[in-house]
Structure formats: structure tokens, C-alpha cells
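**Q** Given next are the chains, with one letter for each unit.
There are 2 protein chains.
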Amino acid sequence: MRDVELIIEEARKLVEPDPETADKARKAEKIIKERLDKLLKDYPELEYRFLGSYARNTWLPENLEIDVFILFPESYSFDGLEKLAIELGKKAVDMYELRYAAHPYVHGTVGDVEVDIVPCYRLSSAERIKSAVDRTPFHHEWVIKRVKGLENDVRLLKRFLKSINVYGAEYRIKGFSGYLCELLVIHYRSFLSTIEKAARWKRNLVIDPGRGSEYVKKDIEKLHVVDPVDPKRNVAANLSIDSLAKFVEASRIFLREPSIDFFIPKTFSVNEERMKKEIHGRFVYGVIFERPPVVEDNLYTQLEKAERRIADLLENNEFTVLRSGHHADEKCCLVFELLSGSLSKVRKHYGPNFESYANSMKFIEKNREYSRFFENGRYVTFRTRKITDARELIRHAITVHHASMGKDLSEFIRKGRVIEGQELLEHKDLRPFLSEFLGVNR
Amino acid sequence: MRDVELIIEEARKLVEPDPETADKARKAEKIIKERLDKLLKDYPELEYRFLGSYARNTWLPENLEIDVFILFPESYSFDGLEKLAIELGKKAVDMYELRYAAHPYVHGTVGDVEVDIVPCYRLSSAERIKSAVDRTPFHHEWVIKRVKGLENDVRLLKRFLKSINVYGAEYRIKGFSGYLCELLVIHYRSFLSTIEKAARWKRNLVIDPGRGSEYVKKDIEKLHVVDPVDPKRNVAANLSIDSLAKFVEASRIFLREPSIDFFIPKTFSVNEERMKKEIHGRFVYGVIFERPPVVEDNLYTQLEKAERRIADLLENNEFTVLRSGHHADEKCCLVFELLSGSLSKVRKHYGPNFESYANSMKFIEKNREYSRFFENGRYVTFRTRKITDARELIRHAITVHHASMGKDLSEFIRKGRVIEGQELLEHKDLRPFLSEFLGVNR
Chain F
9 MRDVELIIEE
19 ARKLVEPDPE
29 TADKARKAEK
39 IIKERLDKLL
49 KDYPELEYRF
59 LGSYARNTWL
69 PENLEIDVFI
79 LFPESYSFDG
89 LEKLAIELGK
99 KAVDMYELRY
109 AAHPYVHGTV
119 GDVEVDIVPC
129 YRLSSAERIK
139 SAVDRTPFHH
149 EWVIKRVKGL
159 ENDVRLLKRF
169 LKSINVYGAE
179 YRIKGFSGYL
189 CELLVIHYRS
199 FLSTIEKAAR
209 WKRNLVIDPG
219 RGSEYVKKDI
229 EKLHVVDPVD
239 PKRNVAANLS
249 IDSLAKFVEA
259 SRIFLREPSI
269 DFFIPKTFSV
279 NEERMKKEIH
289 GRFVYGVIFE
299 RPPVVEDNLY
309 TQLEKAERRI
319 ADLLENNEFT
329 VLRSGHHADE
339 KCCLVFELLS
349 GSLSKVRKHY
359 GPNFESYANS
369 MKFIEKNREY
379 SRFFENGRYV
389 TFRTRKITDA
399 RELIRHAITV
409 HHASMGKDLS
419 EFIRKGRVIE
429 GQELLEHKDL
439 RPFLSEFLGV
449 NR
Chain P
9 MRDVELIIEE
19 ARKLVEPDPE
29 TADKARKAEK
39 IIKERLDKLL
49 KDYPELEYRF
59 LGSYARNTWL
69 PENLEIDVFI
79 LFPESYSFDG
89 LEKLAIELGK
99 KAVDMYELRY
109 AAHPYVHGTV
119 GDVEVDIVPC
129 YRLSSAERIK
139 SAVDRTPFHH
149 EWVIKRVKGL
159 ENDVRLLKRF
169 LKSINVYGAE
179 YRIKGFSGYL
189 CELLVIHYRS
199 FLSTIEKAAR
209 WKRNLVIDPG
219 RGSEYVKKDI
229 EKLHVVDPVD
239 PKRNVAANLS
249 IDSLAKFVEA
259 SRIFLREPSI
269 DFFIPKTFSV
279 NEERMKKEIH
289 GRFVYGVIFE
299 RPPVVEDNLY
309 TQLEKAERRI
319 ADLLENNEFT
329 VLRSGHHADE
339 KCCLVFELLS
349 GSLSKVRKHY
359 GPNFESYANS
369 MKFIEKNREY
379 SRFFENGRYV
389 TFRTRKITDA
399 RELIRHAITV
409 HHASMGKDLS
419 EFIRKGRVIE
429 GQELLEHKDL
439 RPFLSEFLGV
449 NR
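In order, the protein sequence lines correspond to chains F and P.
Quick note on this note's numbering: the first sequence kicks off at 9 and runs consecutively.
Quick note on this note's numbering: the second sequence kicks off at 9 and runs consecutively.
Hints should not be assumed to be uniformly reliable.
One copy or two, it doesn't matter: identical chains are merged, so the pair holds either way.
[As the list claims (entries may be wrong)] Straight-line C-alpha distance at most 20 Å; calculated SDA-like pairs for lysine to any residue:
{"#": "1", "residue 1": "K254", "residue 2": "Y378"}
{"#": "2", "residue 1": "K353", "residue 2": "V329"}
{"#": "3", "residue 1": "K370", "residue 2": "R260"}
{"#": "4", "residue 1": "K353", "residue 2": "T328"}
{"#": "5", "residue 1": "K284", "residue 2": "T396"}
{"#": "6", "residue 1": "K230", "residue 2": "A258"}
{"#": "7", "residue 1": "K225", "residue 2": "N361"}
{"#": "8", "residue 1": "K356", "residue 2": "E326"}
Please keep in mind that the hints were generated in silico from the structure rather than gathered at the bench.
This is chain F alone, in the form it adopts within the complex (with noise of 0.2 Å):
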């Protein structure tokens, strides 16, 4: 064997969950179908099924949660399931929540599993579907049907994808979905073709599964993975060609010099000391601000606005951003290195070429602050820069611009406070992202 099959058959042992978890889940499996048996006798018209990562064996040790879709026919209303769905589900589980995606939903516990369980309808085809989560019993039985015997290459690839942190299509991450994963194991037939075809991967490329296809395409920008059951949507939509670039670039250095590590979830150490050095000289500044009580991925959405909002303010302030970037822990801080951290009092200020006579006046007209000159025949003058310190200029933006930072954020980033240098290492909990920020994370 090679060296890069040793280490496969290694990682297998790491991913696939042991006896006893194993058996923990089929006892609230037994458990969860002894209730809605029971539940369901009353409404003939309902059934309930095990979907999802649990019920196909693709699911990790360390993510084990039981899906249970419960199917209305066509014939309920939105309210009208929603409302029996939640009674249902509240009575299934030991204790329970609501969450939210496209309906309400129970999630709850049955000992110590996680469960949800979720409505949604009957429906002849994947391509009528009313919300998100119809689709979900055609996605299983496409699924279902053809991952026999790659559960656990499934599950080394989502290791390996979490290794990486791209590993999910929420928002926070914009990587891999498990439903995307399955694809591509039964597309490529085994982790190790996966691996080895996404070496050479290039982002306008389309893989088709359901016709065992793949081919590149001029016009598109980013992956493209059609979904078998509804071949207008694309799998990989929520996927970012940045997590695609770092999944390339990790298959091609596993292919070279393969290791355990890459099935292992990283524990970050950061290196205070270096840290602390490197940010001497540098001009990183930080916007922190209370945590807002919003879901996860309306919380990145924003989060990734109010960043761009303020890295274009910035630069339409002729400031340099290098890089910007956000992490929300129990606060959120919106962060920007900068090429400088303050500016001449003054800015260039364009006009028309000589030629145009009547601009030219205007512009003899309205600019008496500075005296103008040419630059190869275009007039040019100074105007004075208000605000000429970057750190300034950040408080002025979520001062004055922050309603346009996200509706659930604004009032919450213009409590914020700006920070800048040794003070954001001052916040513990931003210690591991600035460590990646700053690129002294190795």
C-alpha cells in the first residue's frame, strides 16, 4: 500500500463512530419510532422517516444528530402543519426547543442525542417543492440508494473538509454541505479519487452525479455540482471559491506528504509573543460590539456588510485596506489592517482636461482653496481631508453610517468601540482569528 492509503485506513478508525455512541443513537432511534408510532396512529395521512447524515451512516462521532421528517400530504396548509408538526415533535423527544429554518421545527434530546424533527411535504417530484426542506426525503432516497459501502470515505472527507474549516454551507463558513460531500464520494467512487481529482479542479467546473458527468464551462465562476434531483439547483451555490482554493490546495498537500493531521480538528496555539511583536508596525484596528441576538447566518450576512462598508469607506478615504475580516464570539469585532495609519491633510482633487471650456471655468470657479495645476492637460488642485487618522475615521463611519451596516447590527455597532494595535490582543477570545488575520498562525 502507499504511504497515502496507510494513512486513509489509519484516519478510517478516527471517523467512524464507536460501539458505543453507535449504540447510544439506535436507542433513541428505537426510542423516537415507538412515540411517533404511537403519535402518528391518530393521523393515518402522516408518516414520519429517518433522514439525513444519521440515517444514511455518513454521520461523524462528534456530530450526531437524528433527523426525523415528518410528511404531510398536500392537502395542510403552512399554519396547519406547522402547528400539528410542532405538538407532534414536542411529544417525541425528552426535551425540546424551537428553531427555525424554512418552517419552525422541535429540536430536542432523547437521551443524550440531539434530534430534530422537522415537516415537511409529500410531493411527486423534488422540483415542486414549496421550501428547502421538501426536498429532503428526494436527496435520501437519491442518496440512500447509492452510498452503500462509501459511509466512511463520506465521513474521512468531512473530516478532512473540517480539518480545513470549510466544512458546512452556512454562512460562517461557505464550505462543503454533508449532502454536497455524499455527492462527491459517489461521484469519484472513494475519498482518495475525490482527494485526487480535487487537486485538479478549476472553479468554473461542473460535475453532474447524476450522470456520472464532469466537464468545465467558459461562463460560470464558481463550482458548479448539479443536484440529482433537481438539476436546475446548484448543490455548491452556498460554497466560496476561497474554501474551494483551500480544499484544492489541502488535497494536493495531502497527496504529497500525507498525515493523520488532516482528519484531526485543529486545536489552535497561538503564539502570544509573536503576535504581539507583529502587530508592532502594523495599523490593525477593530470595531467590537455587543453580540446581537439574531441566528447565525443573518448574523454573518451582516457582519460581512458592515465590513465592507466600512473597508469601502476607508478606501474611498484614499486608506489602503490590506485585508478585512469579522469574527463574532460572545461579542463581534469587525476588524482592518491598513496599509498607513494616517493620511496627508490634504487630497488630490481631479478636474476636466483643458479642452472643455466650460467645465474648466467651473472648476476655476469653485476650487479657491488651493491654487490648481495640470497634470498631462487635466486640472488637479488640493482640498483639505477632514478626517486624516484612521482610527478616527472608523468611529466617524459607525457613528454616522452604521444604518447602513445591517438591519439588525447598526444600533448595535454604533455602541461600538474602535480599537486598534496591542489593544485587540487585549480580547482573549479574538486571539486564534487575529493570530490567522495577522498570518502568523504557523
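Fit chain P to the given chain F structure using the hints.
**A** Structure of chain P alone, referenced to chain F:
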């Protein structure tokens, strides 16, 4: 009469030589004639002519200089011509020094009138010239036949150009030569109509005074004035677009608000308090060094080259140069105004797109100082910037890269001093230049 015509009438008195100066000139002319008539008796193959603005009566009183050309037959060698011309020239003036243009020539005085005695070949056509001075007799012939009655209009144009510092074709000015002024006034028939036309000039205009026509030509970059005695030659070749723009602007302002000030050489008053206040909070640097003993055109060509070279080095190191300039007096100074005076100790270093397998692996191999990340699928990392301070970088530039800053300048620049902000203002000679450079000269 319109306002503008009244002002022009008033200005005529300012530009026409007073009787005393005219008389002084005529006396000197008479003396030169007598001496040369006598001297040339032994050389029947030679003749002399009074050419240039004095001979055409288009000279400005403050610029009186009598040009005498000695015309040699083509049988003379360059060396023979030079030697004899200098010998004769010396004897034609009271005091003299040698100057260098195409040939060396005698510059001297008769009474207190300045005189140039210049040798050239007598040719059948301007298209057969051996050096630029051989063209002068042809220029004179063409102008003298057409300028009668327009002499003072030429003077008005010259003085107008002087007041905005674009009179003279030398490299320091990159403006309008005296001959170009004569051609324009002959072409447009008066000073006023020259101004009126210039107000609507475009940089890609072609003026052909020989044919009395003008037209716009798509693919030329700057004003082309066809030499009537040598149609391949552009009389405005040394005119920069920015000098052109200054003239166009001044024409418009003069027409809108006619003022005698356009015919009075400016006396520059520097507002020292404003300059002092202004330079604070701006990032202005100077390289000050001894003036090398080279002719003016060479000096200014090389000053511009050195200025460009240092500006490029600054830009290559990610400093933004808002404006650069140079000034020569007893000392030389290169001046740079920057957007910012100090930069982050890291700079972004871009690598390949992730798709490029081999280059990606090379990039990973080579960049280990900082960890890497992706921007839209492209590799990026940081690298250490060695010099973060602008002053230090300029010092580095003149110490290490002086060799590429002009052959006559480089050793002087190497020994130069880098100064900054207020230190610049301590150099009194620089103040008028700096006042304009900073945009506070009004």
C-alpha cells in the same frame, strides 16, 4: 472699444521698447556692422546677417539681444567654420564668452547690449540643414516678409506667455519659443485673435501657418505647428501639454476678465505664515544637493529624470506620490509630496490562482514567513517591508540608486541631504517654488 481691446491698447505701451532702449540697440547694431564689414573684407565668401527678434523688431525691451549670423559656404568644414567664426566674433564685440549650442559661438556685449555671433552654413533649402542653427536664416526670411505691422502683437503674446511662465522652448520651461509666437500671430493676424482661438484649442490640433490652415488630428498627442520652411518639423515640439493648458486657461481668463496684469511680469510674494501652517500635516520631502556645472537644458533634463526615478522607487514601495517637482538655484532640490509618511511593516505579496498546480506548490514552498490566504481564489501572503519610513527610503534611493539619476547629477545627488516638512522652508531660495508646489500661491 471693448474692455479687452482697451486693455490691449494699454499693454502695447508696456511691451514696446522705449526710444532710449531702441536707440541704444541701433547704436550697437551700427558698431557691429562697421566691425564686421571691415573683418569680412578678407573673406569674400562669407556674409553676415542680423537675424532673430531684434532684426524682426519683435523683441521685448527686457530681452534685448542682437543676433548676428555669419553664413559660410558648404566648402567649409565644421572645424574650419567654428574656428573662423569664433575668431571673427571675438573681434566684433567688446567683451565676450564662448557659449555652446549646435556649434560653439561668441556671446558678448557691445556697449551694454548683449550680442550673439553665431556661425551657420548658407544652404539652398531648410530641408538640407546640417544643424538647427542653419535653419535660422530661413525662419528669418519667412517671418520678415509677413510680420510687418504685427510686431507689437508678437510682443504682446510673448509678454502674455511670460506672465504665466510658459515663454521659452528651453527644457526648464517647455513653453513657446519666440519663433512660435511669431508664427501664431502671423497665422491668426493679431494678438487678440490668437488669444481667442487659443481659448478653444485642443491638444491634438495641427496648425499649418505656411498653408494658412488648421485641423484636428486624431492620433497625435500634442499641438503640432508645421514649420513653414521645413514641413516635417514641429515648431511646438518642446511645448508640454501642461504649458499648453496654462496658455489656454490664461486666454480664457483674460477674455472673461481682461487685465493689464497679464502683461506685467509677476513679482512673487510668499505668504510664509500660511506655508508654515500648510506644510504641517502634509508629507513633503526634499533632496537638496549642490548644483552641478552643466548647461541648463542638460541640468533640467536630468533633474526631471532623477525626480521621476525617485518617485518610481517610492511608488514601487507602495508610497503614493501626490506630486513631485524640482527646482534649481544655487542649489538643486527634488521635492516629493506623499499621501503618507510611513507604511505598515508588511506588504501584500500576491501569488498564482489556486488552479495553477505547480505554481501554487512553488508559492507555498517559497513563502513561509507569514501564513497564506486566498482572495477570490488567488494566493496572497505578507512579506516584510524593509523600509517603512519615506525619508529613509529616499535616503536609500539616493545612496544606492543614484547612478540612474543622470550622469552629471548622480554624484551630486549621492552627496545630497534628505529634508522634510519645516526643514524645507529653512531654504529661502526654495520658498517661491514651494509656495506654488504646495498650492498656496494665491
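**Q** All hints are to be evaluated individually against the structure, with a verdict given for each.
**A** To see whether the hints hold, each was checked on the structure:
1. K254 <-> Y378: between (50 Å within a copy, 16 Å between copies)
2. K353 <-> V329: Both: 19 Å inside a copy, 14 Å across copies.
3. K370 <-> R260: Between copies only: 12 Å across chains, 60 Å inside a chain, cut-off 20 Å.
4. K353 <-> T328: Both: 16 Å inside a chain and 14 Å across chains, each within 20 Å.
5. K284 <-> T396: between (26 Å within a copy, 19 Å between copies)
6. K230 <-> A258: Within one copy only: 18 Å inside a chain, 55 Å across chains, cut-off 20 Å.
7. K225 <-> N361: So K225 and N361 pass the 20 Å test across copies only (17 Å; inside, 43 Å).
8. K356 <-> E326: Both, since 10 Å and 17 Å are each at most 20 Å.
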